[in-house]
Amino acid sequence: MNTANFLSIPASIFPDQEMLVFEGARFTYAQTLTRVRRLAAALANLGIGRGDAIAALDTNSHRYVEAYYATATLGAVFVPVNYRAKLPELRHMLAAARVCTVLAGSRYAATLAGLAPELPSLRHVVGTDATPLGGGPTVDELIAGAGGECEESAIDEDDTTILMYTSGTTALPKGVMLTHHDFTTYVCGTVELADGSPRGTALVCVPLYHIAGATAVMTTLFAGRKLVLMRQFDAANWLRLVEEERVTHAFLVPTMVKQLLDAPDFARRDLSSLESLSYGGAAMPLPVVRRAIEMLPPTVGFVNAFGQTETTSTLTILGPEDHRLTGSTAEIEAKLRRLTSIGRPLPDVELKIVGDDGGALATGAVGEIVVRTSRVMKGYAGDAAPSGVDAGGWLHTRDMGWIDEAGYVFLAGRKDDMIIRGGENIAPAEVEATLQLHPGVEEAAVVGLPDVEWGQRVAAAVALRPGARVTADELSEFCRSRLASFKKPEIVRFFSALPKNAMGKILRRDIRAALGDDRAQGG
Amino acid sequence: MANQLGKIYVCSACGAQVIVTKGGGGTLKCCGQPMEQKK
Numbered sequence: 001m002n003t004a005n006f007l008s009i010p011a012s013i014f015p016d017q018e019m020l021v022f023e024g025a026r027f028t029y030a031q032t033l034t035r036v037r038r039l040a041a042a043l044a045n046l047g048i049g050r051g052d053a054i055a056a057l058d059t060n061s062h063r064y065v066e067a068y069y070a071t072a073t074l075g076a077v078f079v080p081v082n083y084r085a086k087l088p089e090l091r092h093m094l095a096a097a098r099v100c101t102v103l104a105g106s107r108y109a110a111t112l113a114g115l116a117p118e119l120p121s122l123r124h125v126v127g128t129d130a131t132p133l134g135g136g137p138t139v140d141e142l143i144a145g146a147g148g149e150c151e152e153s154a155i156d157e158d159d160t161t162i163l164m165y166t167s168g169t170t171a172l173p174k175g176v177m178l179t180h181h182d183f184t185t186y187v188c189g190t191v192e193l194a195d196g197s198p199r200g201t202a203l204v205c206v207p208l209y210h211i212a213g214a215t216a217v218m219t220t221l222f223a224g225r226k227l228v229l230m231r232q233f234d235a236a237n238w239l240r241l242v243e244e245e246r247v248t249h250a251f252l253v254p255t256m257v258k259q260l261l262d263a264p265d266f267a268r269r270d271l272s273s274l275e276s277l278s279y280g281g282a283a284m285p286l287p288v289v290r291r292a293i294e295m296l297p298p299t300v301g302f303v304n305a306f307g308q309t310e311t312t313s314t315l316t317i318l319g320p321e322d323h324r325l326t327g328s329t330a331e332i333e334a335k336l337r338r339l340t341s342i343g344r345p346l347p348d349v350e351l352k353i354v355g356d357d358g359g360a361l362a363t364g365a366v367g368e369i370v371v372r373t374s375r376v377m378k379g380y381a382g383d384a385a386p387s388g389v390d391a392g393g394w395l396h397t398r399d400m401g402w403i404d405e406a407g408y409v410f411l412a413g414r415k416d417d418m419i420i421r422g423g424e425n426i427a428p429a430e431v432e433a434t435l436q437l438h439p440g441v442e443e444a445a446v447v448g449l450p451d452v453e454w455g456q457r458v459a460a461a462v463a464l465r466p467g468a469r470v471t472a473d474e475l476s477e478f479c480r481s482r483l484a485s486f487k488k489p490e491i492v493r494f495f496s497a498l499p500k501n502a503m504g505k506i507l508r509r510d511i512r513a514a515l516g517d518d519r520a521q522g523g
Numbered sequence: 524m525a526n527q528l529g530k531i532y533v534c535s536a537c538g539a540q541v542i543v544t545k546g547g548g549g550t551l552k553c554c555g556q557p558m559e560q561k562k
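In order, the protein sequence lines correspond to chains A and B.
Quick note: the first sequence uses my numbering, first residue 1, plus one each step.
Quick note: the second sequence uses my numbering, first residue 524, plus one each step.
It is worth saying that the hints were derived from the structure and are not from the lab.
Hints are not guaranteed to be accurate.
[Claimed, not checked] Keeping only pairs whose Cα atoms sit at most 20 Å apart, straight-line, the calculated SDA-like set for lysine to any residue is:
id : chain 1 : residue 1 : chain 2 : residue 2
1  : B       : Lys561    : A       : Asp156
2  : B       : Lys545    : A       : Ser485
3  : B       : Lys545    : A       : Ser12
4  : B       : Lys561    : A       : Pro347
5  : B       : Lys530    : A       : Asp158
6  : B       : Lys545    : A       : Glu333
7  : B       : Lys530    : A       : Thr190
8  : B       : Lys530    : A       : Ser197
[Unchecked claim] Which residues of chain B face chain A? A partial, calculated answer using Cβ under 8 Å:
id : residue
9  : Ile531
10 : Val533
11 : Val541
12 : Thr544
13 : Lys545
14 : Gly549
[What the hints assert, rightly or not] If you anchor each label on the Cβ, the simulated ranges turn out as follows:
id : chain 1 : residue 1 : chain 2 : residue 2 : range
15 : B       : Ala539    : A       : Pro499    : 51 to 57 Å
16 : A       : Glu118    : B       : Ser535    : 34 to 40 Å
17 : A       : Glu244    : B       : Pro557    : 48 to 54 Å
18 : A       : Ala130    : B       : Gln560    : 54 to 60 Å
19 : A       : Gly147    : B       : Gln560    : 20 to 26 Å
20 : B       : Gly548    : A       : Gly407    : 23 to 29 Å
21 : A       : Ser121    : B       : Pro557    : 41 to 47 Å
All of these numbers come straight from a predicted model, not from anything done at the bench.
C-beta atoms are modelled at their ideal positions from N, C-alpha and C, and glycine is treated no differently.
With the hints as extra help, turn the sequences into a complete structure.
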């Protein structure tokens with residue numbers, strides 16, 4: 001099944017249903033399908049076909065959505081790139097993907113003009129704004145000038161439909177090849193096809209170059225749910241749109257949740273339409289999710305969704321019932337503990353914890369999380385790295401974790417981030433969770449720094465709450481009294497805010513660099 | 524059918540096509556005969 005069918009099937013059943021709202025513009029399924037098929041025809045006239053790579057370099061828009069479905073219609077490969085990527089990363093992604101066409105917003109014109117001479121495969125630049133980009137046509141001009149419409153081309157379900165670059169928090173981004181089959185399995189397994197019954201309205205504010213954004217669009221449209229799209233997240237606008245569009249479903253990253261709760265408009269807006277609020281993309285601090293549960297309407301069902309680009313999104317979820325802090329004292333304590341978990345695997349996911357020898361570990365033991373599901377990526381583009389899939393079909397996620405007696409999975413940090421001090425393994429997530437229990441701590445990240453005596457030392461980067469006054473020694477002692485003494489941070493450095501990527505994931509390499517400089521200076 | 528999610532089936536008699544959006548344990552039939560998976 002071509003993923004373009006996620007649009008064409010509901011469009012054939014409910015052509016006049018409102019489907020997409022973006023900055024005041026409204027489109028039905030039929031209108032969008034027509035624009036998509038005309039854009040596909042115009043791209044085909046430019047000589048683009050099956051297997052060719054089309055990149056998108058822009059913030060979210062209805063044209064971005066149309067560009068993806070037009071690309072899928074042709075059987076071409078969509079390459080959504082991070083518009084915040086630094087120039088070397090951008091060069092790497094566009095060159096490695098051998099893109100023949102880039103669809104870009106006008107704000108990226110200068111960047112693209114500078115890169116073009118280094119991209120021999122690049123033939124076309126198409127503007128995604130109303131104004132042309134570097135002499136090339138705009139998306140709207142292509143749609144208007146198309147001689148006809150192009151229907152879904154035949155594809156092999158193992159063809160790559162999206163080449164999605166990982167966030168690159170530890171190294172250069174890697175291109176993850178996701179197939180029509182991967183997305184079909186995810187979408188059909190996650191939602192029911194539109195059937196004319198009310199399916200609500202979804203607000204998508206995460207970047208569409210991220211797996212969470214891409215899958216949110218696909219599931220929303222296939223289910224017949226109206227898609228309200230934000231160019232970029234902004235707390236005040238998000239709250240306004242929920243009220244005005246009567247939004248029922250939304251996905252946020254933890255930093256966005258916190259910004260919403262702190263927004264001046266929060267108490268003034270009517271959020272009663274919200275039924276489901278999913279979050280993920282980065283670790284959710286316990287104090288933030290507790291505040292969200294207390295402050296949002298009690299009818300909101302919270303879902304913590306954990307996944308990877310390599311697994312076509314979600315692997316585990318912590319569902320609404322796990323977020324309802326009701327029951328006996330013991331039940332509430334158990335739920336509070338589990339709020340720091342990523343929940344349990346989805347039905348189509350097998351998950352286990354393994355040690356360094358690959359053997360399965362017992363309940364409670366920390367090891368690498370490995371998963372097996374039919375929607376694991378085809379591999380990394382150009383064999384940039386081993387796929388991490390072993391002979392048994394298990395993907396080694398490089399995320400460390402453990403499972404409790406009820407099957408809930410808890411993260412312990414990235415495998416590459418594990419700290420080994422004097423032969424003792426220390427999970428950064430455990431120390432970070434302890435630091436976040438301190439009332440003065442807003443956020444914390446823990447890394448290992450090289451040390452001649454111990455191999456590594458535990459170092460913490462901490463951002464304090466506004467007005468809080470806490471010393472490094474106090475935080476170190478706070479951890480020592482709650483953890484094995486070797487786990488306490490020996491170096492604590494204060495930041496106004498921790499460096500993060502667009503999805504709110506902490507950039508540990510930046511923190512390591514900052515703390516390394518600090519250490520070199522004797523701090 | 525259990526692992527046929529997203530697969531397209533064709534009726535060799537009338538040409539009808541169906542896409543499986545939820546797999547099950549049965550066999551798809553059209554015009555009185557089993558439908559064939561589209562290659």
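Hint by hint, here is what the structure shows:
| no. | hint | verdict |
| --- | --- | --- |
| 1 | B:Lys561 to A:Asp156 | holds, 11 Å |
| 2 | B:Lys545 to A:Ser485 | violated, 52 Å |
| 3 | B:Lys545 to A:Ser12 | holds, 19 Å |
| 4 | B:Lys561 to A:Pro347 | violated, 27 Å |
| 5 | B:Lys530 to A:Asp158 | holds, 12 Å |
| 6 | B:Lys545 to A:Glu333 | violated, 38 Å |
| 7 | B:Lys530 to A:Thr190 | holds, 16 Å |
| 8 | B:Lys530 to A:Ser197 | violated, 25 Å |
| 9 | Ile531 | holds, 6 Å |
| 10 | Val533 | violated, 13 Å |
| 11 | Val541 | violated, 11 Å |
| 12 | Thr544 | holds, 5 Å |
| 13 | Lys545 | holds, 7 Å |
| 14 | Gly549 | violated, 17 Å |
| 15 | B:Ala539 to A:Pro499: 51 to 57 Å | holds, 56 Å |
| 16 | A:Glu118 to B:Ser535: 34 to 40 Å | violated, 52 Å |
| 17 | A:Glu244 to B:Pro557: 48 to 54 Å | holds, 51 Å |
| 18 | A:Ala130 to B:Gln560: 54 to 60 Å | violated, 45 Å |
| 19 | A:Gly147 to B:Gln560: 20 to 26 Å | violated, 34 Å |
| 20 | B:Gly548 to A:Gly407: 23 to 29 Å | holds, 26 Å |
| 21 | A:Ser121 to B:Pro557: 41 to 47 Å | holds, 45 Å |
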